[in-house]
Amino acid sequence: MISELEIEQFIGRIRWTEYSVPFSDNDKTKTIECYRFDVELRGFLMSAISVIEVALVTQIQSCGFAGSFDSFGHARRTLDSLPVKTRNLIARNFGVSNFKQLRGALQNLNYLRNRVAHHERVWNHRNRFAFPTITRHAPLNEFGIANNRHVLAFSLVGLAFLMRNCPAVFEFEAGLFNLINRPNVSKKFLLESMGFEVP
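Each residue of the sequence shown is one higher than the one before, starting from 1 at the first, in our numbering.
Rather than coming from a laboratory, the hints here were simulated on the basis of the structure.
Note that the Cβ used here is the ideal one computed from N, Cα and C, for glycine as well.
Hints may contain errors.
What the hints assert, rightly or not - Derived CB-CB ranges, DEER-like:
| id | residue 1 | residue 2 | range |
| --- | --- | --- | --- |
| 1 | Pro83 | Thr29 | 51 to 57 Å |
| 2 | Thr78 | Ile145 | 43 to 49 Å |
| 3 | Lys188 | Thr78 | 29 to 35 Å |
| 4 | Gly175 | Gly95 | 17 to 23 Å |
| 5 | His150 | Asp80 | 18 to 24 Å |
Generate coordinates for the entire structure from the input sequences, incorporating the hints supplied.
This is how it looks when you write it as structure tokens:
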């Protein structure tokens, strides 16, 4: 099994730098903990996004679409091609007031899902697609406020909201809370680096 001292060599210098740059003291322990957190976060996000993807495919198929889907992006594009009334109905089934908001949320999550699937850093990345404001009663408010719609924090808040409208396969909010409280890195640092404004 690979040791902590070998992680830098294992993941490569470029990736190591992505995790060590936030620490001015060049503390290898903090870098390793951030890398571990990011690995666990990617697995957690893939599980959550897969619930959304399955729900989306099921909603589309329940509206009469008989084809199969080979990716999240394919399902998202198929949703775009459905009649306006059907698209808005699916949006409401996700708890979102209209299709335009759902489309923006799915585009953001599709980009995030691809980062996760290709093992790119997600813990403090900026998403090129803004996550729309889909609710005024934001989940995860115990973490702080997420104001920037391109940061991971905003995606997490939106994902938590969408998950509340899906079958309770697993506890997204409780799982995320446990994940953030586990590392030997400051919880405040993790939350702020994900884009939460911590009081």
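Going down the list of hints, with the structure as the test:
1. For the pair Pro83 and Thr29, the supplied restraint of 51 to 57 Å holds, since their beta-carbon distance comes to about 55 Å.
2. Here the CB-CB span from Thr78 to Ile145 is close to 35 Å, at odds with the stated 43 to 49 Å.
3. Take Lys188 and Thr78: their Cβ atoms lie about 42 Å apart, and the range 29 to 35 Å is violated.
4. Distance hint check for Gly175 and Gly95: the Cβ-Cβ separation is about 20 Å, which falls inside the suggested range of 17 to 23 Å.
5. For His150 paired with Asp80, a C-beta distance near 22 Å keeps the hint of 18 to 24 Å intact.
In summary, the structure is inconsistent with hints 2 and 3 from the numbered list given earlier, while agreeing with the others.
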